[in-house]
Amino acid sequence: DAGITQSPRHKVTETGTPVTLRCHQTENHRYMYWYRQDPGHGLRLIHYSYGVKDTDKGEVSDGYSVSRSKTEDFLLTLESATSSQTSVYFCAIRGLETGDEQFFGPGTRLTVL
Amino acid sequence: SQQGEEDPQALSIQEGENATMNCSYKTSINNLQWYRQNSGRGLVHLILIRSNEREKHSGRLRVTLDTSKKSSSLLITASRAADTASYFCATDAIREGGSEKLVFGKGTKLTVNP
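Keeping their order, the protein sequence lines are chains R and P.
Read left to right, the first sequence gives residues 1 to 113 (this note's numbering).
Read left to right, the second sequence gives residues 114 to 227 (this note's numbering).
These are computed hints drawn from the structure, not numbers from a lab.
Hints are supplied without guarantee of correctness; some may be wrong.
Said to hold, decoys possible - Straight line, CA to CA, 30 Å or less: simulated DSBU-like cross-link-like pairs of lysine-lysine:
#: 1; chain 1: P; residue 1: K219; chain 2: R; residue 2: K11
#: 2; chain 1: P; residue 1: K183; chain 2: P; residue 2: K169
#: 3; chain 1: R; residue 1: K11; chain 2: P; residue 2: K222
#: 4; chain 1: P; residue 1: K219; chain 2: R; residue 2: K57
Just chain R, same shape as in the assembly (with noise of 0.2 Å):
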């Protein structure tokens, strides 16, 4: 998965508490993604970092907060989970290096009971 880690790969939490996922690349690459997958909606875009400290929203942002403190590491906080959370997250890298091709993580699975 290009040197690409999500953690954790699963996780069960409850309507209110908050949720952290993690995100580690060892590419060194600038572009970071946060995106999640649902049955009928394919792949949306949550959040993506071009930089340490630069963030932007995606198509579906709402109820989602980023961080990129270092180059290897994006982090996507839900602060207060829901059950329409309840999806399949991943994480992409891109490098100016690459061109325009993104490689993807191998997934987050999220339960919002």
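Since the structure of chain R is provided, determine the placement of chain P on it from the hints.
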């Protein structure tokens, strides 16, 4: 909103046959990419075609792009059971600042029967 839409949603063929998937999109693009996703795994990049290209090959993959119709097709020749996966097209959007962001379609689920 979804930029790319794949067609068909699902496709079932026999090993050795060719598989064709189509993608339509809405706005002007810099490039269009195809990705594969095996069940329970992350997406894997297959091929990228730029807006000034009409056709591109990679092994058993052939991608075409028709910018006038805002559509692309992915052809997998001589399919194998290992090609069973979901296939997604992804486009950037020039008006969205170029290739920093991709918008993915909902995918075509391909099943290749042995």
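The hints, checked one at a time:
For a cut-off of 30 Å, the pair hint linking K219 (chain P) to K11 (chain R) stands: about 25 Å separates their Cα positions. Proximity of K183 (chain P) to K169 (chain P) is assessed by CA-CA distance (about 16 Å); at most 30 Å being required, the pair is judged to hold. For the hint pairing K11 (chain R) with K222 (chain P), the CA-to-CA distance comes to about 26 Å; that is within 30 Å, so the pair holds. Straight-line distance between C-alpha atoms of K219 (chain P) and K57 (chain R) comes to about 20 Å, which keeps the hinted pair within the 30 Å bound.
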